[in-house]
Each structure stands twice: as C-alpha cells, then as structure tokens.
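Required output: the full structure, derived from the provided sequences and hints.
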Amino acid sequence: MTANQEFRLPGGGSVNRSRPLTFTFEGRNYTGFEGDTLASALMANGVRLVGRSFKYHRPRGIIGAGVEESNALVQLGTGEHSIPNVRATEIPLFDGLVASAVNCWPNVKFDIGAVNNLASRFLSAGFYYKTFMWPDWHLFEGFIRKAAGLGKMPNLPDPDRYETRFAHCDVLVIGGGAAGIAAALAAGQSGARVMLVEQDSELGGALNYDIVSIDGKRSDAWVSGSKEALKALPEAQILTSTAAVGYFDHNSIALVERRTWNPTELSKPGAFACRLWQVRAKKVILATGALERPIAFGGNDRPGVMLASAARAYIGRYAVAPGRVGALFTNNDEAYRTALMLTSAGVEVAAVVDSRVGRNPLAERLEASGVAVHSGAVVCDTRGGASLKGIQVREASGATRWIACDLLAVSGGYNPTVHLFCQSGGKVAYDDAAACFRPGPANQSLVCAGALNGYSDVTKALAEGHDAGIRSALDAGYVSKAAAPATLPSLAQRPIEALWSVSGGKNKAFVDFQNDVSVGDIELAQRESFISVEHLKRYTTLGMAADQGKTSNVNALAIMSSLTGKTIEETGTTRYRFPFTPVPLGAFRGAARGERFRPLRRMPAHDRHVAFNAEFEEFGGWLRPAYYPRPGETPHMAEQREALQVRNSAGVFEGSPLGKIEVKGPDAGKFLDLIYANTMSTLKVGRCRYGLMLGENGVIIDDGVTARLADDHFLVGTTGGGADRIAAWLEEWLQCEWLHLNVIVAPVTTSWGVLTLSGPAAREVLRAAGTSFSIEPDDFPHMTFKSGQVAGIDARVYRVSFTGDVSYEINVPAGRTGELWDALFEAGAPFGIAPVGIDAWMVLRTEKGFLHVGVDTDGTTNPLDVGWGHVMRKNCDFVGKRSLMRPNDAAPDRLQLVGLRAADEKSALPIGAHIAGGTGSIGFVTSSSFSPTLGRGVALGMLVGGSKRLGEQVTIQTDGGARLATVVESAAFDPAGDRLNA
Amino acid sequence: MLLINCPWCGPRDEHEFRCGGQSHIQRPEPAEQISDETWGDYLYGRENPRGAHAERWVHQFGCGRWFNMLRSTVTHEILAVYEMGQPKPGVGIAKGEKA
Chain E
1 MTANQEFRLP GGGSVNRSRP LTFTFEGRNY TGFEGDTLAS ALMANGVRLV GRSFKYHRPR
61 GIIGAGVEES NALVQLGTGE HSIPNVRATE IPLFDGLVAS AVNCWPNVKF DIGAVNNLAS
121 RFLSAGFYYK TFMWPDWHLF EGFIRKAAGL GKMPNLPDPD RYETRFAHCD VLVIGGGAAG
181 IAAALAAGQS GARVMLVEQD SELGGALNYD IVSIDGKRSD AWVSGSKEAL KALPEAQILT
241 STAAVGYFDH NSIALVERRT WNPTELSKPG AFACRLWQVR AKKVILATGA LERPIAFGGN
301 DRPGVMLASA ARAYIGRYAV APGRVGALFT NNDEAYRTAL MLTSAGVEVA AVVDSRVGRN
361 PLAERLEASG VAVHSGAVVC DTRGGASLKG IQVREASGAT RWIACDLLAV SGGYNPTVHL
421 FCQSGGKVAY DDAAACFRPG PANQSLVCAG ALNGYSDVTK ALAEGHDAGI RSALDAGYVS
481 KAAAPATLPS LAQRPIEALW SVSGGKNKAF VDFQNDVSVG DIELAQRESF ISVEHLKRYT
541 TLGMAADQGK TSNVNALAIM SSLTGKTIEE TGTTRYRFPF TPVPLGAFRG AARGERFRPL
601 RRMPAHDRHV AFNAEFEEFG GWLRPAYYPR PGETPHMAEQ REALQVRNSA GVFEGSPLGK
661 IEVKGPDAGK FLDLIYANTM STLKVGRCRY GLMLGENGVI IDDGVTARLA DDHFLVGTTG
721 GGADRIAAWL EEWLQCEWLH LNVIVAPVTT SWGVLTLSGP AAREVLRAAG TSFSIEPDDF
781 PHMTFKSGQV AGIDARVYRV SFTGDVSYEI NVPAGRTGEL WDALFEAGAP FGIAPVGIDA
841 WMVLRTEKGF LHVGVDTDGT TNPLDVGWGH VMRKNCDFVG KRSLMRPNDA APDRLQLVGL
901 RAADEKSALP IGAHIAGGTG SIGFVTSSSF SPTLGRGVAL GMLVGGSKRL GEQVTIQTDG
961 GARLATVVES AAFDPAGDRL NA
Chain L
983 MLLINCPWCG PRDEHEFRCG GQSHIQRPEP AEQISDETWG DYLYGRENPR GAHAERWVHQ
1043 FGCGRWFNML RSTVTHEILA VYEMGQPKPG VGIAKGEKA
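Read top to bottom, the protein sequences are chains E and L. Oh and the first sequence: position 402 is 402 in this note's numbering, straight run, nothing missing. Oh and the second sequence: position 96 is 1078 in this note's numbering, straight run, nothing missing.
Honestly, the hints are just simulated from the structure, not real lab data. Be aware that a few hints might be false.
[As the list claims (entries may be wrong)] Pair by pair, the computed Cβ-Cβ distance ranges are:
{"id": "1", "chain 1": "E", "residue 1": "229", "chain 2": "L", "residue 2": "1004", "range": "48 to 54 Å"}
{"id": "2", "chain 1": "E", "residue 1": "782", "chain 2": "L", "residue 2": "1031", "range": "53 to 59 Å"}
{"id": "3", "chain 1": "E", "residue 1": "229", "chain 2": "L", "residue 2": "1032", "range": "44 to 50 Å"}
{"id": "4", "chain 1": "E", "residue 1": "634", "chain 2": "L", "residue 2": "1046", "range": "32 to 38 Å"}
{"id": "5", "chain 1": "E", "residue 1": "459", "chain 2": "L", "residue 2": "1003", "range": "52 to 58 Å"}
{"id": "6", "chain 1": "L", "residue 1": "1072", "chain 2": "E", "residue 2": "737", "range": "46 to 52 Å"}
{"id": "7", "chain 1": "E", "residue 1": "567", "chain 2": "L", "residue 2": "1031", "range": "46 to 52 Å"}
{"id": "8", "chain 1": "E", "residue 1": "782", "chain 2": "L", "residue 2": "1017", "range": "42 to 48 Å"}
What you are looking at is a predicted structure, and each value in this text was computed from that prediction instead of being measured. Built from N, CA and C at the ideal position, the CB exists for glycine as well.
And the structure:
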C-alpha cells in the first residue's frame, strides 16, 4: 500500500512508517502513516487539488501546514459526525478517516460552479450589492445564499460530548515553539504553576523541521527532551492540540482543546471531542510566533503554489516531497532554507527568484550546487490547469521567461501572530525594517517572546523565552535558577525588502484565497472610496470566513496603502477579534445540553402529581401540573372538571414556587411601606394584606400577600416568577439606598412546600385533617394567618384566596409536603377531593377578575391602570411614587384593566385579540377562559380609558372575524365576595 | 472577564457578580417636592465617562453583598473597591485614559 505514497520521501520525518493508516478522500481510498495530518497524507499520495474557491470555484491546493491554511478546508466525517470546513492541515490522520472537498459539485475535479470563474470579470467586489438591487435584494437573496457558503451543516444533532473546565496558573505560556518551550522550562523550574499551550498536536513549531543545535542536541530531540522535563515538574501542565482563541480582561484566556476527530474514539465511554478551558493566569507569556505570508501575483492560487515554510514542514516533519521540480519566490533570506531543504531531499530546484537586488552568501551556496538564482526578479504569472506547470519570471532587466516547475514555494516575509496580543488590548506598531506589525506596549500582565516580536532568529527566541519565563515566575513570586538553552549564534541575514504584490500577470492575483479577493478587487474598493480597512473588509469580504485573513489581511492593507499613498502604519489593521481560530459551538455549551442547559425545578410533591397522571408544563423554570387528565378527557375537559371541583367541593393545588421572603427587624414595617405601593406598617399581627410592588418608573413589577408574624417580623409573598428577583430587589434597596434601616431579608421560598386547599368544602377537609388551632370563620377569617400544626406537621397557614372560594395556603417544611398531600387527600376523600392544575387555577382567578402580574400587566402598567388610584393618597414615599405623579401616568387615555363579556358567550375570546377602535387597536384581551360555573366565557383586557367605559360595546378582532363584547366589571363570579368570606 | 476583589470574599471571577450600574446616585425625596426634571435625571441620567467610572456591583453567587467599584472604562482596570456608603475615592488616572 505504501507504494501508492509516491511523494513520500524514503527517510526522515517523524511519521511512524510501521503504522500505516487508510483513509478516504473524495470517495477514493489512500494510505498514510501515523503522525501524518490529512494534508500531509494527501500530499504524499500526490493529491494536489483539495478544494474549490468560495466565489469563482477555482481549483485550490494546500498552501500551508497548520492553522494558517486557507484552501484545504474539508468536510470531515459523514452523517451526524460530519463537520464542515475543517483545515486538512490540522486533522491528525486516523484509520478510517473520511473527508471530502467543500464548495464543489458533483466533485472537486469536475465542478459545475466553476462556470463562475468564466464569468469572473462580472463577479468583482460589491457585485451582489450592485446587481441585485432592483427591484429588491430579497428576491435574489435566497438563491444567492444557496450558491454561497462552503461546507454543509449536518442536519442531525451533534452526538459528540464536550467539556468545559476552569483553571488557574501562575504563568500561562501560549505557543510551544522555541520561545514558548524555553519560557515554560525557565518558569516551571521555579516551582510556579505553569501551563504550556500549543495548538499543534506536537510541541516544537519550526524546531521540528528547521533543525538547529540546542544544548548540543538536534532541535527536534531537544523538544522531546524538554517535553519530558516539563512532564516531570509536578506543577507544570502541557496542553497540545489546544488553541488559545480568546484573550479577555484581567488575564482571562479561553483555550479550546481538541481531543479527537475520530468518531470511533468518540464513541468510547467518557470520550469527548473538545474541551473549553477558561484560564486565569497571573502572568501570560505570548510566544505565538509568526505566520508566513504569500505574495500576490498572477495565478498565485494554483495548486502547487505554497508557503515556503509549509514546504519545509512537509519535507522535514512528514517526509513528503511537495513537488517534483520546485522553485522559490522570496523577498527574504529565511526562505532560502526551503531551497536548501528541497535540494537535500532530492527535489530539483529549477529557480530561486529573489525580488531583492544584489548577491548574498546563501545564493552563492545554492548556485554552487547548480541552482539558478534570479536576483531582483519576480514571479508574475503561473500556468497549468488544476496543477502548477510553470512560472513566468520577470528578470531585473524586465525580460520575462517561463520556467517549468510543479511546486512554487513563496515567502513574502512573516506576520507576527499578534491576534491574542491585540485582543488583550495591546497596540501594534508597523516596523518598516522588519516589514511587519509588531506588538507595542501591553495593556495586561503579559510578555511577548520569540518570533511574535518580529524576527526569525531561533537563538534570540530561546534567550527571550527563557528570560520571559524567569521574569514571569518572579512576578508571580517564584525564583527560577534554570540555565538558558545553549545555541550557536545565528548567521547574519540580509534584511527583508517588503513585497506585497506583483503586477503584469494575465491571471488574477489573489490576496485572500479563501474569499477569492484579488488585487483588482482592492483597487476597485479604493476607486469606489472603500478606503478604510474596515470598509475594505466589508466591501470585498477580505479577511472574513474561516481563516479570518491570517495570510491576507496585512498584504491587503499594504496594497491599499500603496494605492492611497498613506503609510502602512496610517492605514492600520482591522480589529482582531475572538476567536483566533474557529471553535465548534459544542465547545461553548460543554455538557450543558437539554435539561442540563436549563435545569427544571421539580416541586416537593412532584411524585404525587405523577401518581395523579399530571400533564406537566414549565412555568418560570418549574415543572408544574397543567391538568390531570382522566381516561377519555381532553385537556379542556380536565381543566373544566377541575375548576368545577373547586367551585362545588374542594381541590388541592401545589403552590410551592410562590415566593416567600422573611423580613425582620425594628424597621421592617417602615421598609415595606417604602417597597410596596400600599401601606404594610399598619397591618395587625396575624393578618394578611395584598400588595403591589412598583419599579422606580411606576410600573408594577410584582404582587402578593404579606403576613405580619410579629411587630418586627413580616412574611412577604411574591409571584412564583418573582421569588428570586424580588429577594434581590429588597437586598439592593437595603444595602445601597436605605443603609440606615435596621432590617434583614431572608428568602425562604424553597424551604417551604405549599398546598392550597380551596373550595366550599375546604374547611371541612382541613378540620378532618386536624389542626392545632381553631379554623372556625370567626377565629380564622379571610386575610388572616396562623402558625401551628396541620395533620401533625408544623405549618404556616394563610387564609387567602386566588380562586374566590374559601382557601387555605398551607406551608409546611418542604420535605413534608408529600405527607401533607396524603393527609389532605385522606381527609378529603368523603368530599371527592381532587388535584387542580394551573389551567383550572387560571380559569378560577379569571372568573374572579384577579390580576395576574405579567399576564394582565406589562412593562407599561402602573397601579392607577388597574384601579389602584388610592395609593396616591398614601402619606409616605414609596418606590415608584414620584413617577405616578407625572401627568402621563394619570392620563385618561391609558390602557386600563377591564372585564370583557362577549355577546356570543358560548366560546371564550382569544387571548391577545385586539379591541378595534376607529383608527386602530384600542386594547387587547389579556386573560380569557370558558367558565364552567357561569356557563359562559369570561375575560379581562386592557382598554384605552377602560375605567370610564363600563357598559360600552366594543369590537374584538379575532381570526374568526369581529366579535362584539361589553365592557364589564372585572369580577364575573361572586363580585360581592360572599363565598370568599364564608 | 474581570477579576473582581470582593471586599468580603477576595478575588473572584466576574461570572459570580452582577453589575448594578452607576453608583453614588442620590435618590431624591420626598416625592412631592421633586421636580419632573430632577426625577427624570435620577431615573435616566447616567454618566458615560472615558476613564474612571464608579459602579455598584453585587456578589450575587457569593456573599450577596453590594459594594462600589471604580473601574476604568478604557482599560477595564479596577482602580478601587470600597463599601457602599463610602465616598468615591480620589485615585490617580489610569494609563491610557483622559482625566
């Protein structure tokens, strides 16, 4: 099988030749080795065409060897495991890997969409916006969106597991190349807690293929030795295949660790795909290195053109020849390594094209081995179909000639990977001599080391990394005595001479390969005044998509600066944003999926409801019974039966989520007077009062019943949804505004289970269940409170009612709610007692016209709108009072609460239906039910000037046409309250 | 993600806190003597400084205590943490911001 790997070099590299792996790309089977990436394995098999470009569907090949790759995006896996747009350079090869090219149909070699390439002169920047404006962009949008996009989203739920983790460390080193390893070793040996993070699957960076001597060892051996040394340190941790994607405030860094792409591995118990780390570091050492950048020239996107450093990585690390006949196009000395490496790997080097004039020692060394070096020359065009066949070289003299080759290694210099530095708030400065943006002053507690600082000198990187490690450990309180790595001084280099683009080629010269943005598009943007880099980006889509312009941004702004005559520094960069590299959404959710994403709370008597066949629904985060269907019953039938049960006998409703807040202290009454729109300090001990709470803008935020337990002790009731919110609200007022009030607030909502017994037989049932206090009407009238025992359980009992019939809200310790439930059902058996769900509960309160805050009210409703004008007579201040004094708060044309009685009474009005006025809506239905007691619909609504419109006829617009209704008092059932007070 | 030094619990992650907006806003009272303008300013008028901003925060998923914090809106540096009821400290201007 290995015979198929025709581009595999006979020796060298760190792939494991004894572990062949089979994989499938575009439906064909291939073999690679353990230690390969998908990209290196494809290259070993001579597969050069790996994708089609975004807009023109041009053939594209591998240009990089890591995170910078902009062309080799693949659809990895099939079915539910399928992942779109993964860089082939970052997928470690595994047995059975299946991948295909993106953005092509029916396949990468014969792609229908390539017709766009023929029409490319019409598809320039801004083409869509200019062409599809008339009559309306939306007519075209659907079609265009279908044609756009790269990979395919799987339409099945992601079966993979993800994790999240928090970590703290003294020194976080980001980047595991020369500088990063030296830094981690130096800091780690001090005993400080050190984390070393590397996005590649292996530490070492360029040390793995640009071999130098460190501490007397080959650099790749030094890397493995350092890894072992770090592993031996108890406080040091190495994370490989882990990308630092975000640098946030106060040295908070987000990492994404990729465990595996392999579905077989993922199906094992406990396996997970990604882990999101949130790390807080005392000191950060950024050793993020630099990414080589291409040069824009005609046909520079043809498969076979790649970055010079990537060519070295394929030869040195993966033992793969990136071509048979190579050429080099450079503006710097660093790239000469590629020519030397190609030669030593047995690949013929047809030409070295150096844009700089003059001789240099490296060129002479190459010429001595028979390589033609063209000084002061440029590559201006390429030829070949889906694979490079030749390059057009323009000599310093201006003469052009074609040179045959199937590989062109290109280097336009290096861009320091300043992304995280910029995210941290640091500013970059353009260095003319080094032709790159380098980190300037830092804004957080961090140090930059190595190639990030704008040079490519391994000796300097090791020394700088070492120094950064020592200093950072010291800042974190640790002293390191580690010795610096020993290296030979680097040879002096000829300086780089900036070269961003070459004109004169017939083919398009691409700047952004992934988004198909050419030099011509930048020129067009400049002509059309999209000059600012941020405008340029949005007009041409340059630097968008999965690679976020890692190889294109700096080239583009340099080209723009040459067009506008501004300096590169003045032109500036676009903003570097989180994340540095794409992150699967699953990594953000971690294990928070389904109910773990939003846990639902179960009430203390949950299992009793289950036993009664409750149909549960979510209300404010609680699972609550909506109704308890009996055999043959529809939901509506169950609701109506349960409502009648309360009216005719007695029912039990669990109200445990109702908010319960203890308010205690000498100033408790004074405090509640400020909090409630009505007065609480005059409440007698043992009595209850209904109250409204307002925000400072006068809007109703909650309501409930408060009981006075003692002179200095109140028990405040809130709505279920307001339990946490109101407790926090009270604390905020006490701690931030009224610090002089001597009051404590304790939320006790979940300490107590609440069962509400309601109906004309409620008193009989409670009596049968047994109480330690008298419940006769004179002893325990409506709106009073008792502490004692019910059925032998310690209880707090309110006699209040949300149904309009006699009700006891019995609070017992939450753990004994089920016991109370059983006692009530036993005592109520002779009365045919039954459980009542929320649906029936809402029918009962709508019959009574009781307000439901958040249902009948919204973010504009004030107490005057619901008939609470009396609060304005209160002679002390309260939250929201001043707002109610604004003229608009008492305006006669506000929406006010009314009852609505439909002319056709046999069906309930639809909730949300609008009340029609002369020119539009004058209100809407907020609550509506069919009342089984009255045999007709009952409804509440908000109506403009409603309080003055009693008896008026209004028209209500419904899906089934207009319906007439009369404005009535809100209480439809027992308006005098005889049953309530019975 | 800020690292906030809760006066009661020590340095904790921003996740545990909630910001309550600008601090040192005096509630005007009694209601009957407050003009519409003064009340409107109290309800809606907020500073938007480039530089030091006094805010109140609560350690919601911790001790539950409110406290004041002086934070640079430019660098997000926390310049001071102090208790409710204490005056805004006069601290130096942080780097990168205007007075």
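Are there hints from earlier that the structure breaks, and if so, what are their numbers?
Violated hints: 4, 6, 7; rest satisfied.
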